Every structure is written in structure tokens, then in C-alpha cells.
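Chemist: Each chain is listed here by its residues.
Protein chains: 2
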Amino acid sequence: MAKRSFWAWGHESDEPTAEQMKTAADELSKRYRVNLDPVSPPRPSDISLRKPRISPPSSLAGICVSDDHDRAVHTYGRSFRDRIRAFNLDFPNPPDVVARPRNEQEVEAVLEWCSSSGHAAIPFGGGSSTVAGFEPPDGYDGIVTIDLEGLDQVLEIDDVSRSARIQGGVYGPALEDQLRPHGFTLRHYPQSFEFSTLGGWIATRSGGHYATNQTHIDDMVESVRMVTPSGLWESRRLPGSGAGPSPDRIAIGSEGILGIITEAWMRIQARPVSRASAGVTFPTFAAGAEAARRIVQTKLWPANCRLLDPVEAAVAAGMDGTVALLVLGFESAEVPQGEFIRHAVDIARDAGGTIDGANIRVSDGSKNSSGGDTGRQGSVGAWRNSFLNAPYVKNHQAGLGFVTETMETAVTWDRWANLDQTVRAALQDALDRVCGGGTVSCRFTHVYTDGPAPYFTFEGMGRLGAELEMYAEIKQAASDAIIAAGGTITHHHAVGRLHRPWYDQQRPELFAQSLKAIKRTLDPHGVLNPGLLIDS
Amino acid sequence: MAKRSFWAWGHESDEPTAEQMKTAADELSKRYRVNLDPVSPPRPSDISLRKPRISPPSSLAGICVSDDHDRAVHTYGRSFRDRIRAFNLDFPNPPDVVARPRNEQEVEAVLEWCSSSGHAAIPFGGGSSTVAGFEPPDGYDGIVTIDLEGLDQVLEIDDVSRSARIQGGVYGPALEDQLRPHGFTLRHYPQSFEFSTLGGWIATRSGGHYATNQTHIDDMVESVRMVTPSGLWESRRLPGSGAGPSPDRIAIGSEGILGIITEAWMRIQARPVSRASAGVTFPTFAAGAEAARRIVQTKLWPANCRLLDPVEAAVAAGMDGTVALLVLGFESAEVPQGEFIRHAVDIARDAGGTIDGANIRVSDGSKNSSGGDTGRQGSVGAWRNSFLNAPYVKNHQAGLGFVTETMETAVTWDRWANLDQTVRAALQDALDRVCGGGTVSCRFTHVYTDGPAPYFTFEGMGRLGAELEMYAEIKQAASDAIIAAGGTITHHHAVGRLHRPWYDQQRPELFAQSLKAIKRTLDPHGVLNPGLLIDS
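Quick note, the sequences are listed as chains A and B, same order.
All residue numbers for the first sequence refer to the numbering used here, where the first residue is 1 and numbers rise by one.
All residue numbers for the second sequence refer to the numbering used here, where the first residue is 537 and numbers rise by one.
Keep in mind that the hints were calculated from the coordinates and are not lab data.
Model, not experiment: these values are computed from the prediction.
A few of these clues could be false.
Stated by the list, open to error - Subject to a maximum C-alpha distance of 25 Å in a straight line, what follows is the list of computed SDA-like cross-link-like pairs (lysine to any residue): (1) Lys835/B with Thr212/A; (2) Lys835/B with Gly338/A; (3) Lys835/B with Glu156/A; (4) Lys1052/B with Ser115/A.
Unchecked claim - Short derived list, chain B residues pointing at chain A, Cβ under 8 Å: (5) Val601; (6) Ser699; (7) Gly719; (8) Arg772; (9) Pro781; (10) His982; (11) Ala989; (12) Leu1058.
Glycine is no exception: its CB is placed at the ideal position from the N, C-alpha and C atoms.
I would like the entire structure built from these sequences, with the hints used as guidance.
Modeler: If you want it as C-alpha cells, here you go:
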């Protein structure tokens, strides 16, 4: 099994070469008119951590490790803050033990050990959190991170109901590999797909591939099985129910504070064969937004309906910097999609969009099909490649003082224009103040009938060694603006430690008290992921 | 305002005439080969209730009443048990006071009175519960039923986001009347539409008009405002969020035990103008089920996809008793629906269905349209009329010893055939044992990609005076079978007092404990709808 990088996105083999780091330094030097010297990335042998303060009971020793590399990999996710700290070998509070249970009984045993000893128990999925979702808490004498990678199986496929019973620790690619021979797919593709797990998706209310209709993992869950310190929580497999508040909707989004999701029955689907795609340009982001709104409100349910502002359309899809780009995609296992995309394009044109008819690509196995590469050509294909490569590109830019991050939200359409304006202004103002300038851009990753999910990217050239403070000031300004403008602090990245201050402002206070009451019921010793969502 | 009947479905003007009751008695006499004498319905002047045991504080006297008719109307819903008891003037435990707050402050004041005095506080929506959802509890010295009918306004319409802020007490027709001038509709049509409210739909996780895709009220809620004894619970308006477990999903389905839903922002939509419908017959219910499964799994998202078994197809849609009927309907405000229905019909035919091409009705404003009465002609129109009239027909059959009820569930497709078989067998066996025979039938009211929502109807001729015991035995047998076969005890009728024993079997026990912990947080004196969902 490939070894994960302790600082970069991906495996050690994904760490940049000296040549790649030089190219990135040259590129950023040119962009920001500075002289940046490329640096050498840290090596695993450079890691030096606090000694483990605890050791597992002998019954668990066989599934626990405490070596520095493993503990470093389990300290941080992959946000900007995380990558900077890891790159700088700054690991003041690593877990003491990494446990890798191979079955549910071992999950229970690890939780029992933590509960009886008062150790913090931190569930760990794929390690790609961008919100410090599994970062160890301060103030604990012992920290046990529970890596679920051993629970990696699709246990059962019900092909008549199109459901599968799947273990929580399976990574995206391995999950799809196990469904593919049966002709099925979960078709949940967050950008972190390669380095995230089913249990992580459920615990964080991950948002997936689909830009419209059922896109959050919430809607794909048929039932959940969760080990808590108070015992097993398992809901009944049901296609729909009206029996009291939904138990699953407590587990979904619980971010590891209530239990460890060991299994779930998930709604799967036939693999799509009919596809259609189109990239429509607009003179302004606002015009594209109006088209996206009309398309989603007609309930055509495109699989892809992503809008890139002119900055992102230039960077990600090769546009000229003056136009916004609406990326449309339709797909189905059984229904030809040509009529759908033509209808969506008609709406987009009516809203001021431009597309050459020949650039509407339809692949449905018929004679008029434009071939199997629908969605992988032209501006749509360029966007796709950029989307998949984005996390890796950041690896090359490490160690240069560069400050960059993405932030997502969701807001109703009536408030969108104001949110767009005030968040951009807050980001630009903070970048100007902190970095002496920088770039702000935005795209819609998802659209709902009642509002979009805008996704902001900012970047500026900071000072090496001061990036974290500079980042914190920019992030705070934008987060304050998001909350003030009526948005959510997170649409699909979860809350984690990073978003707690703003999460506390957006939720009902009585809900926070209710969540505490649930926490006391399921985790009476308060050992599970302390400090997430509520104060411990 | 028309006065509600204290025993029949509807208003006093909907109570049956002597002629109608005679016709029903004759019809049932013929069907069951007995001689039934029609009876006279009870009159309001026949009601004699326990004297009110409490009186409101003077500050609330203006919004409280304690007259017998009002208290009788607020004692029972409209299940079989309820109608029998009300018809028999059997009201041993009516509420003492009916409060009608006119605004949120008065809701708070009533709850404060109940909390400080230890009176049970029972939220009341439209009064059409079939599960004893607002029946007063035993063991309380004072019972205050809180009728929300005064909170009946659409307060705000956001036409760009297609959302509306609506008060919880508004009835279905009044809600639609207020949206219609703006070109919008909530388009949530439970069978109880006339006598149910927005707040009631949310509190009971009502299932609506749509047979597929977003159909439960859950998916239409953008945010909820709920008055609890501990204060106000209000969620942020958001089109989507990944911020912790959903607060709304605690309020939705809470059946009045946590608070009173005073307002909600709801997702609304443009009024449909394009419609298509078709009624496809099948040689067996199972063949029709296979067609329904394939149609929903293709994700064509029909608005209507209801399957009637041969018994129901005969009674409700004029079929000959040998064929099942699949009622298909598509609708859209903007997209012509002809292609969709033809595709669905192709799938249905491929699964063994029969329909004459001329009976596929499409109305899309085009020249080829079959006119504005799509869905109101032929077998589909017959089904529609029967669906709307069903609750009224039961009024005519009162007082004759007739035992009849409907029961719904949902189950995954892999378990459906077994559930269908065992629940029918349990019902038939119980009817044979208890009534010396009777009829069982079933339809699908909703279908999901992973399973249908079967809806059973049973009837038999019981003994006058013993109907309730006979009913209880039949209901118990079927409910046990539903739970044993993997179904839910309720798909859209809620839990109430009626379904508690089976609800307790289907939910995770740790969820029950969590719900108790939430209840203690929001309703520390335990006054709200005691005994619902959890023990008080």
C-alpha cells in the first residue's frame, strides 16, 4: 500500500520534485513580482514528535502503533493551515496512539479503553479534512486516533433495491471498485474522493458529484450503524419513513462526537451510459447565476450545473478572463439526455448565454452520439481536469509564503448578490491589508431551487513564517461576512475546529443544548472528538 | 366559518343525510349478506362532557374556550377508533380548555401557563390525525389543547428563491389560496389536505402529492421557527448545509413533544401547466410493482406513480377486478411532459403492462395537447375522484358495526414481496377470525428507488358495540407483521399514541434515549404532548 505523505496532498509519490517546486516558485515570482527561492520539502526522517504518553492495553497492542510518521499523518488534515504546519514540521500535539481496528468488536474495545481511561478518541476517515475535523484536542493526557481503514468492504449488494451495505472505512476508489463489477455506483464524488471514506462522508455531510437534486450524502443513506460508548446505534433499512425525527439525521453530520460509523446501507445506482454536456459563456457572473437559477428551478436536475466566474473560467477552463462559464452535464443509465441538455441550453441562452450548437455534446449510444468522451473535451473537459488536479497543484506551492484557500457557503437566491458582493469585498480588503493585494474568485459548486452554493477562492503572497496569522485574519473577515450575509459557514466541508466560532452563530442555541444532551447520552465520559460542534 | 363535525370527516354540512346512511346500510347489507338498519347520527346537543377541571388565567381568558362542542372536536382525530368513539359520544377524557393563540406571544403565554401549572399542552393542527396524535393523555389534572388556527397567514414570499414564510396553523386550502395569486404552489397534497395544517405536516413528517423524488414535507422545509417551553428555536434559512446534524430534522417529525411550530420558510414552486397521465393495467400486482420499480429507478421522477392492486383498481378506478392499475402522472411548470410519459409507458409495457396509446394524455399547451383535463379522465380520473372522496364515504358507514381502516408502510424492494404476502395473510387471518371474513387490498402511494410505500386497506363486518376490540386485534396482527417483515409502522401517518408499541421496536433504543434527553432540554416540565414518541 502506498505510503501517505505527512504534509502533501496524496501519497509520498505525489510529493513534488525539485523541478516542480522551482517551476511553482518561478510562476508565483512572476505573478507577484517577487523573487522566491524554491525550498526543499521536509523528509519523513525530519519528523520529531513528543513521545507517546500512553500505551494501549495488551489486548489492543496488535492494532495500535505509535511511530512518528503514522502519528504525524494523523495529526492534520489538508487545509491551508494544516499543510503549512506539517510542511514546517510543527506537530506540538500529535495523537499518542493510532489504532486500526479490523472489525466492530475492536472499535468497541478501543472506545472502551478510551472511556475507562479518559483518553480522547478521535475517529479518522481518509485524512483529508479541511476544517481540522480530527485534529487532537488540547488538555488531554492521552489521545487515541482511530483509523477506520481496516473496515473497507462492501459487505452486501441488494441489486433489486439498488442498495449496498458498506463499511465505514472504505475509501472512495475502493468503494467504487467493489460496486463496479455489479454494474453499480454510489456516484458520490467529493473533490476529496481519493482520500476520504464513506464514514467520513456521512459524519461530515459531504456534498458530492451531483450539482442538483440529491447530492448530499444525507440523501443516499438508507440506514446507519454506529458504535457509541453507550452501545450500538442501528437504524432500520427503509426507503422512506414518517416515524418521528429521523435517527439517521442525528448520525449524519455528527463529526465523530457521538459514535463511530461502522456500516451504512447506501442507495446505489446503475452506472450512467447516456451523457450530455455543454459549456455556456456569459458576459457576467450574475447573468450566469440567473441562468443557473432558472435551470434548477425548472427541475431538469442536471448532474452538473457549475458556474465559474471570469477569473475561475480563465484559470480552470481556458477562457479569456472576460466571461463566466456555466458547465452543464446530464447523465443517466437509461434515458437519453439530448433533450434535457438542449432544454437547459435554451434556458441559458435566453438568460444571455452563448454557446455554439456544435459544442453541445451528447453521448447516448445512438448514431447521433458525439462519442464516449462527453464531458472530457473543450471547456468542460478543461474544467474537469482542473477540478481533479487542484489539490495536487497546491503541493508545489508549499514553503513560499503563499497564502491561498477555498471557502464555501450556501445562501438563498434573494441574498446571493449581496453575499457575493460583501464576501468578495471582505476578502479583497483583507488581502489588500494583509498581503498588499491578491485575487478573489468564486464558482457555484451546487445549485438548489432556493439558492446556490458559492465557493470562494482567495490567494495572496504572504510572508514566509507569518502565513498562518495572515491566513487567520483573511479567513475571519470572510467568515464574518458570510454569516452576516445569511450564508452557512459550511456547505460540504463540515465544521471541525476551524468553523466552530461561526457555526455557533448560525445554529439555534437550543439545538446546541440538545446536541449536548444527546452527547451526554451516547458518550457519557465525553471522550469522542472533544470540542467538535459543542464544548466538551 | 363552517363548523366542524364532532364525529364525521369534514364540517357539519358534510355529515350524511338519512338517505345517504340508508344507502350505505343497504349497500353493506348486500355486500356482507346481513340486515343492517341505518341509524341516526349523534347531534351536537347529545354531547355531555366532564366539566372543565381548570380555567385559564385572566390574561388568557380571551383566547380560551371550554364549551362541550369545541372540546369534543379537539378530543379525537379521524382514525377508525376515533370516529367510532365520537359517533358513540364516548368522550371520557376531553381537553379542559381549548386555547386559540393569535400570535407567537400568545403561544408562549399558553405554554408558560401549562409549564408553571403542570397542565398537559397538546398542539392541534387540522384535527385529522389518524394515529391519536393529539388525543389527551391520562393522568393529568388539566389538559389544554392549543389550536393554531389563528396562525394562518403566508407572511412573506421570496419569488426569486421560490420560498415563502408561512405560519404553522394555516390549512392546506388557505395556504394555496394565498400562494396562487403569486403564481406559486407548495404542491403538498396529503389526503388530509382540507383538514391539516403546515405545522401539522411538519410535526408529522407528512407525505404529499408527489409519488417520487421530493415528496415528504421534510424536503420542502427551508427553515423552522418553533416555540418551546425553553425558548425560541429558529434555524437559518439555507438551501443546503453541511453544518452538523440538521436542526430542522429534529423539529420535523417531533409530533408536538418538543415545541410548537409557529412558522416555517417553505420551498414553493411555479404552478404546473404541462401535464401528462396514463393508466397502465397489469395482469398482477407483482407485475405492476416491477414496472413501478423500474420507472422510479430510471429517475424519471413522475409526480404520480401509484399502483392499485386488482381489488383497489376495481373499487377506485372501475377496472374489472382482474387487473392491477398503475397510475402515472407527470407535471411541470415549464417542461413539456410528453416524452417523459411515453418513456415511462415504454418501461411499463416492457414489464408486461397494457395501455392503448390513445389513453396516454398529454396537456402542454401545444396543438397536440389533449386538453386541460389531463388526469381527470378515464381510469386516472376515476382514481382521482375516489382518492378525494374516500374520507367522506366513511361518514356514511358509521354506526353499522363495519370495521375498516387503512395502514401504510414502506419497505425495501427486496423485502416487499414477503411483506405484501405476510401482511395480507395476517390481515386476512385476523379478519376471518374476528369478523368471519373480510377484504384486504393494497396500493403503492409512493415509490422510491430503494422501495415502495404499500398502503393496505382492510374491511369486515363486525358486531355493533364490539368494533373497537375487533379493530384492535386486526390492527395488532398487521402491525406485528409489518415490523417483522422489515417495514416501518408509519410512512406518512405519523406515530401518535396508536403506533407507539411498534415505533418502539423499529427505532434504535439509543435514539429513544437521545430524544428523551432533547425533550428534557426543550420541555423541562414535560408538558408538551406527553406520551407521544417517548414515555414522559
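Chemist: Against the structure, test the hints numbered earlier, and report the numbers of the ones violated in rising order.
Modeler: 5, 7
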